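*Asks:* Here the protein sequences line up with chains G and P, keeping their order.
Those letters in the first sequence? Residues 24 to 336, per the numbering used here, in order.
Those letters in the second sequence? Residues 986 to 1262, per the numbering used here, in order.
Because the hints were derived from the structure by calculation, they are not lab data.
Check the hints yourself; a few may be wrong.
Partial chain G-side listing against chain P, Cβ under 7 Å, derived [stated by the list, open to error]:
1) K92
2) L97
3) Y99
4) Q132
5) I149
Predicted, not measured: the structure shown is a model, and the values here were computed from it.
Each residue gets a CB set at the ideal place from its N, CA and C atoms; glycine is no exception.
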Amino acid sequence: MKYAIETENLGRIYKTYSKQEGILNSLKGFYNRQYTEKVALKNASFKAEPGKIIGLVGSNGAGKTTLLKMLSGLIYPTTGSARVLGFEPSKRENEYLKQISILLGQKNQLWWDITPRDSYALLTKIYNLNETSSKSRVTELAQLLQCQHVLDTQLRRLSLGERMKMEIIGALLHSPKVLFLDEPTIGLDIVAQTTIRNFLEKYVKEQQPAIILTSHYMDDIAQLADQLFLISKGEIVYDGSVDHFMQTTDLKKKLIYRLKNTTEEKEIVFNSQELTQVLSDLAKAGDVVDLKVEEVDFEDVIHRFLQAESGAR
Amino acid sequence: MKMLFTAFCRRNLALAKLAIVTNLEYRFNFIIDAFIQPILTVGVEVLLWVAIFNTVAKTADATGLIGGFGRDSYLAYAVWAPFLGRIAISWMYEAMMVEEVASGSINTILSRPLSFFEYYLSQTLGYKVITTLFSVTVPIALSLYFKLPIHFDRLFGAFLIVVYYLFLVHTMSFIVSALGFYLTRVRSFTLLKNLSLTLLGGELVPIDLMPKALADLLLTLPFTAGVYVPLAYITGRGGSELLMQGFISTTWGLAVAGTVAYILWNRGIREYTGTGA
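If we strip away everything but chain G, and leave its shape as in the complex, we get (with noise of 0.2 Å):
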């Protein structure tokens, strides 16, 4: 099998009760509902090889929880088809459960009032794992993600930061070949994030995974990404590897001084053949007495990209 996801046309539409403000109406809603539909998603078309990162990038509603819940087997599909590993999803067979895995980076997926060691032995039965291997791999995972000392603590009683390691051990026991990861290091801080951006890097290049990503920390996406989707309003507004989107994009640098006799530092963005225009205008302008040329940064790029998606729909 080339490819572990394949869609065609995927799409959902949600179907919500709408109402207006006060009283009246809620009593108006009690005996004669409005339903709206919602495009949550549509005409998702993509296919995604085995040992690849796919970074899912939108704002907020924009669709990538929809697509995420959709290829897990959640929810089912409006429009479209989808398959993944040669399973149809919405189906939710065994077999094809025990080869996936989501992880919902604002949801606990391991259980509450026991220790993650607990959850661990109760994911290998579930998962109907053999059970030494499966306690020598949380070991290996633990050790990767530094966080063996906190296994035998209660759940409830971690930080977010060793609650996510601890939910990410439990994402990987069963080895899924395909990883759905809704936003996986959120809330987190600087160093607990680049310990599972590191721990991602290495488990994809060992164990070959296809994994969907979403990210509102544009460097996981920068990281870890081979193909970047930007969804915009429902749709995938655009498809191919991150390299590719900051060349082909129209990049913006910035240009940062200081003028003699003055504290405040000063920026320009402009584009980058522009260069030589905005420094003949800079000499123009005052003795510089500082000066300094930065890129601008990927989630700048992407946001003003999404920004104008958006408003051209």
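Using the hints provided, position chain P relative to the given structure of chain G.
*Replies:* Positioned in the frame of chain G, the structure of chain P alone reads:
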């Protein structure tokens, strides 16, 4: 096939253990649930029946019997009914199931190779086993101390039908939680269902005190198999034929509830939006 069955058993045993470990984690909640709550309910029922029999003794000459049974028989009923009732009803786990659907935390179960029904059935059974082991000491001690007319040799049969009935109760809990796919907030259904079961099962009022037509009707329904049937069996109000009738009615109850649950779940899961994640 054998391997699949072994894996199924291991998985469900582990889930039952999870319920036991989790409940023992919170000691005070467990003590209140397993001891205090049934003791208080027994106290209320015993006082009620003592008051009724005192009134009967003052106002009637008669035999001192009500519905053909004497004071001790009703006290035995009062001591065992709340105990059996708490086994045969599901508040806590049904509330958790409803919450899973409403909040979207059911995603964790749906994305793993096990069913929502199985996940909570094993936990409910584990929880019932551990609380019953502790709380059964109360009615046994009271029955021995007050020499109440209990056939202790029939306890096994009585427990067997209660456990079987628990499958029906769990299927009803599953139906209520599946309604959450359509209606989101369904807690009032839990209240309605449990109050109905308390009344129809004979926990509040013994079935043989109800008008004959109603009592006959209720005995044909499966709901009496949770409290009245096992209680009638251990207090000698009925024999093995009553127990058998309870097993049969629970079986067809399971068939009906199972069909409804299957339809509601399969339609509901298509509507599910994976809320909150």
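*Asks:* Indicate, hint by hint, whether the structure satisfies it.
*Replies:* Structure-based check of each hint:
no., hint, in the structure
1, K92, "holds, 5 Å"
2, L97, "holds, 5 Å"
3, Y99, "holds, 5 Å"
4, Q132, "holds, 5 Å"
5, I149, "holds, 6 Å"
Every hint, counting from the list given before, is met by this structure.
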